[in-house]
Amino acid sequence: MARWTFLLGKKRGERRTGSTTAGRAALGLFAAVFFVAGVISLAFVVLKLSIPEWRANHDFVETTGRVLETRLLMNNTRLTRPEIHVAYEVDGRNLTAWSHYDVRGEFQADAQRAQTILDQFQIGDEYHCWYDPDQPENVVFARGYTWFAWLMLLIPGSFISVGGGGLIYTILTWGKSTERIAASAQHAPGLDFFLPPQNATADPYPFVPDPQDLNDSPGTVLAYRLPPGTGGWSLVATALVCLLWNGTVAIFVRMVMHSFEEGAPDWLLTVFVIPCVLIGVVFAWLLIRALRIATGIGPTLVEISANPLVPGGEYEVYMAQAGRLTIKRLDLKLVCEETTTYRQGTNTRKAIRRVYEQLLATCEQTAAGDSVSSEARATLTVPLDAMHSFKAAHNQIGWKFVVKGAAEQWPDFERSFPVVIRPRIAREDGR
Amino acid sequence: MSVPILTVTLNEPREAYQPGDTLSGTYQVHAPPGGESQALEISVLWTTEGKGDEDMAVHSFERATVDETGQIAFLGPRQFSTVLPNSPLTYDGVIVKIRWCVRLRVFLARGKQLVEECPFRLGTIPAARAVLP
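Protein chains in written order, with my numbering: chain A, 1 to 431; chain B, 1001 to 1133.
Take the hints with a grain of salt, since some may be wrong.
What the hints assert, rightly or not - Simulated restraints on C-beta separations:
| # | chain 1 | residue 1 | chain 2 | residue 2 | range |
| --- | --- | --- | --- | --- | --- |
| 1 | B | Asp1021 | A | Glu408 | 50 to 58 Å |
| 2 | A | Ser158 | B | Ala1109 | 47 to 55 Å |
| 3 | A | Gly165 | B | Leu1010 | 25 to 33 Å |
| 4 | A | Glu408 | B | Pro1126 | 37 to 45 Å |
| 5 | A | Phe107 | B | Lys1112 | 54 to 62 Å |
| 6 | B | Asp1021 | A | Asp385 | 15 to 23 Å |
Keep in mind the hints are simulated off the structure, nothing from the lab. C-beta atoms are modelled at their ideal positions from N, C-alpha and C, and glycine is treated no differently.
Let the hints inform the model, and build the full structure from the sequences given.
Set out below in structure tokens:
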């Protein structure tokens, strides 16, 4: 049964459906507003700031002007501007005009600065000045370039880039189905920024991660030593969160301490700060724990006889824990996790679910210096019906070895080593 | 207003296709007299469903429009055929699901569209279950 597309989005199971036409129209309108705002603000900046400043430095004619009087002009928002009444000669004609000192002639909040400018001029004295040959009554006493007039071009420039890009995308995709856009993007990777640039026809295993990235390091016991997962980034993230949180809390703590020192305790701020301090202590504990694990516990090694793996295949796996510490228990597991990212409001969130776990090997009670070291070998048989590794822009199915350890006088630790499982192709098995 | 009826049928309906198999079938737009169909697209594609934002990729894609004489040549039954890729296989995960389908999309006048999908399975991966911590 054919179905109509919907104007308003709705949930079908866990999938959101809706009118792509309405979505693209909204994107196009949004981009058009950005683009028009960018063009208008660019015209304003160029006409009011950049071109006058450039002309003052290149086109204005130098002359000598005699100061008749000075004044500090204040507008209705109480901003001030220095003004100098000057007499000068243009092509044999005597002119008088009020100069705004420089070509921008802007009002400013700092009245003292404006007065300082006026104090440079003595009534009756003559000074170098420059007039506009097209409008001789426009005369300035200061030239030169300001960073403001040119840096301001970046703001409309970014609006035009974002809006223009959105408009081009809207025009290129208008009236086209998502399938047609995706097919175009796959044949010309990079054409569509919103879809994964994967050429499905050229890749024998589309959307399966390339195992070559994991095979750079040869093993000492087995063929490949697997690189560890992204534990380093979590340590950096923990450190950043800890520093930002505790840095902010420290400012409030200082304010509280100051109020106590002054003899007028701010009890409301004190009550607010106490839980924040406790959270900061937890962050600090997590950071110290992560640092201890990263620096105190030696590296964990995992090696494998082949990579990528194939469902039904049999492989050798080797694990070893370096470092002088007493290991209470060390487990090696094969794990599969589904990972997905999704937008919730303006945030991008990540969800992970473990869907497979197989214990491969265990080491128990090996003391530092023992003849029995913390290492193990295991034979792994990948389940025949295992899902292959999969990676797209928002969804991922990933396989990895996980080493979970418990050592005396150390916090428990867990380290992961990604591995790729390719789909099992029946025709290649000769079945 | 009567609208066209779209049909997509597979030549060999199976419980599951395997990578390298040829998927073929027939599609047809049953348009009423004076119909307003402008173009159609037939695609073999996969999409993800589940908790995350949707990913999709097109394995094969064909588009037909009205010809120079204004004749709607695609209204009769037409065949499609493609060799299925090695991946991704159909997957029923906990928060990630991968679905394959043949999708027929017809463009009507004034920007309206009709869509008909014929799902199929690629591979025989059983449904996944969450591992409790």
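Here is what the structure says about each hint:
no.	hint	verdict
1	B:Asp1021 with A:Glu408: 50 to 58 Å	holds (56 Å)
2	A:Ser158 with B:Ala1109: 47 to 55 Å	violated (40 Å)
3	A:Gly165 with B:Leu1010: 25 to 33 Å	violated (41 Å)
4	A:Glu408 with B:Pro1126: 37 to 45 Å	holds (42 Å)
5	A:Phe107 with B:Lys1112: 54 to 62 Å	holds (56 Å)
6	B:Asp1021 with A:Asp385: 15 to 23 Å	holds (18 Å)
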